[in-house]
Amino acid sequence: MKAIFERGNRFLAQPLEAGPRLLLLVAALLLVPTYLAPLWKMTMFAPQYPEGLRLEIYSYKLEGGNGGQDVKEINLLNHYIGMKDLSTAEFTEFKWIPFVVGMLALLILRAPVQGRMGDLIDVFVLYVYFGLFSLWSFGYKLYAYGHDLAPTASVKVAPFMPPLFGHKKLANFEVYSYPAAGSYALAAVTVVLFVALVLAWREARSEEAQEARSAG
Amino acid sequence: MSSPSKKFITLGAAAVFAILIALAGRCAPSAPKAGAKKGGPAGASDMAVAAGKVYVAPGDLDEYYMFASGGHSGNVYVYGIPSMRHLSTIPVYTPYPATGYGFDDESKAMLGNLTWGDVHHPSLSETNGDYDGRWLFVNDMNGRVARVDLRDFKTKQILGPIANLSGNHGSAFVTPNTEYSMMASRFSIPIPKGTAAGIEDYATKYKGVLVGIKIDPRSGEMSLGWEIMTPPFDWDLGDAGKKASDGWMFWSCYNSERATGKLEVTASQRDRDYIAAVDWRAVEKAVAEGKGDLIGGVRVIDPKKVPGLVYLIPCGKSPHGVDVSPDGKYIVGSGKLQGVTTVFNFEKIQTAIRNKDFTGDEDGIPILKYESVKDAEVPVGLGPLHTQFGLNGECYTSLFVDSAIAKWKLGTWEVIDKVPMSYSIGHLAAAEGDTVSPDGMYLVGLNKLSHGRHLSVGPSQPESSQLVDISEEKMKILYDAFTEPEPHYAQIIKADKLKPIEVYLKDENKHPLAIWDLKDAGVTRKGNDVLAKVILVRSTISPTAIEVEQGDTVQVALTNIEQTTDELHGFGLLDYNINIVVDPGETKTVTFKADKPGVFPYYCTNFCSALHQEMQGYLIVKPRKG
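Chains as they are written, first to last, in this note's numbering: chain E, 1462 to 1677; chain L, 51 to 676.
A portion of the hints provided could be inaccurate.
What the hints assert, rightly or not - With a Cα cut of at most 16 Å, we get these calculated EDC-like pairs of lysine to aspartate or glutamate:
#, chain 1, residue 1, chain 2, residue 2
1, E, Lys1533, L, Asp616
2, L, Lys672, L, Asp602
3, L, Lys419, L, Glu397
4, L, Lys549, L, Asp112
5, E, Lys1533, L, Asp567
6, L, Lys103, L, Asp530
Keep in mind that the hints were calculated from the coordinates and are not lab data.
Could you put together the complete structure from these sequences and hints?
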């Protein structure tokens, strides 16, 4: 048992080579777009809205197309079915996501400095957890908006799940929901971290093997 | 021969004549041989070509806007060209319930006590002689001129009635940089207004005026610039000089006879009437120097006392249109009671003025020698009225009596083509056809009679406007449209020169009573004055009840807080004759005395949403106590 722990500790303490360290820097850089580009885009077309109503979700704000007018229009239409107003203030995510992304960036930058296998595994696990949690949180938000409808609404609709990914027809609207540049960058971070992890893992394993051979 | 036999022969001749007439009546064709068809392109392929030229597919946009005067409807009608679709109505001098115009405080004040106007000649603002798409000026026979802002297609100012001016027909023609919009009397009266003089003193005591309305180059705000007193001629139409003739204004007149009574006879005796040439820059200078006499509270220049400003050009006969060519070198006068249109040469006019080549004067205004200033008499046909211009010196003159358009050429003075119009064309409008750079392409004949070229709608028949293709050597009629009464002149402007807004931006709404938050909607009272601040937004009028007391003066301030295109809301108050329509982002007020007690529903009149019907409320007027 002790031997396994020791082997594990040794593995986690393995120094990172230049490749994974460089990839970690790239990953940290890839987090920058999170503050600049939208994470998600929703577009809603209806016969009366041939040009569509657009909604962009950033890490820290909601932005409507047509100079912000589209959010007002979406809220105006949603008030008929008793949906809550979409507004930046309603999303607690806009407070913690930028903070967490910054913290993750710091952790990612810390890994090449400390330069150990364990740091890389830490940030990878944390990052994947953050990604999955954010997705769930966003999905739950959509679920809540679609289900928490005022009982006094003038138009009664069955509670519904707005599309998280892809297309859905809601009443007279064709709704399209897709990730945007910010999310692609976040996904790229996962990939880069994963590649770094695989590289480092292989190197660590080969070194272990070498050590074993030289020990043997 | 004895007289009984003479009588016999006369009787016999009369009988034969009567029989001949009867026979002729019997075998006369039901329509003249030429043009027996109702018109339209000759063959099926021509028809397909014409249809292709006017067809604007659903969702597609027209190439040009046409702003057509609405005559005594007091409105301006907006059409798309080439489809000839009616796009919009701009109320100017008449209340128009469809947009609530003339019901809210502001437009009601603008209309004053008049509920009608007679719009004849719309004039688009110009920069360097070309339409710039900023404003549209329109005349009213009631001595007024109005400005429509083309940013939102709304009437922004009505100026007048102007002192001393009566029957403002020769208007609202603008100068090449929109320095002035012009006005002129068609019906001379003794001035100032309020003076009475017997009709026998018409020639001496009745006066006409020519008026320059100054336009603020930034805001478009109009104000009285100057007035010139003239003999009691009937000033008819006008056009401002451009390029070579920039700085001059031309007006045609009939009744230079100074006749009264049955004018159709008495004012048609002379072979030539006049075109007045006014050096408006010199007039501007004279006014700045303080010249002129105070009449009716305004300074009026008498050309006898201040010479060198106005000259008269003889033009046959009872001319209607006076039109300046795109280069400004020629002035085309169309005498409606003859078969020719007369072309004058601006350079020759200047030379004649310099050489004092005069043949007399009218109340001190020199008359230029006709032969010295005339370039050509073009035999266009009967009853020439108005001329528009094409790309390369082509002229298109409407012929009322011939019911046709004649195409002819400047310089060669040769008549190239004629196309029949259905029927009795008055004015015509070519694409940017009165600017320094006409577009050619399209021309619209604005006909006075439609005579059953449409499904019958009873005795009150629509006017007919015909779209003519002028892109080729031969003119071709493309389309018949039936326009609201009554188009006189129109203006056709390339669509991309206009950039209208579609909502009033919240940030630009500076109305002191505008509110944007539902919390601010409600009723406040000061003595007997009640102010109701109301918000209109899908699908509620807030507040939904307004309580006042009988005898209160109620002002309702309505703000439509929508910022979405086409989300107009109305406020119709039953039994109180109140009907307001508020555009997105706009604030309007209406003030009334709550003199009838009871409960009066108000509701959104302009369909807005699925729950439009529910957009309603009540005005509760509690009876006065005691």
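**Item:** Structure versus earlier hints, numbers of those that do not hold, lowest first
**Value:** The structure breaks none of the hints.
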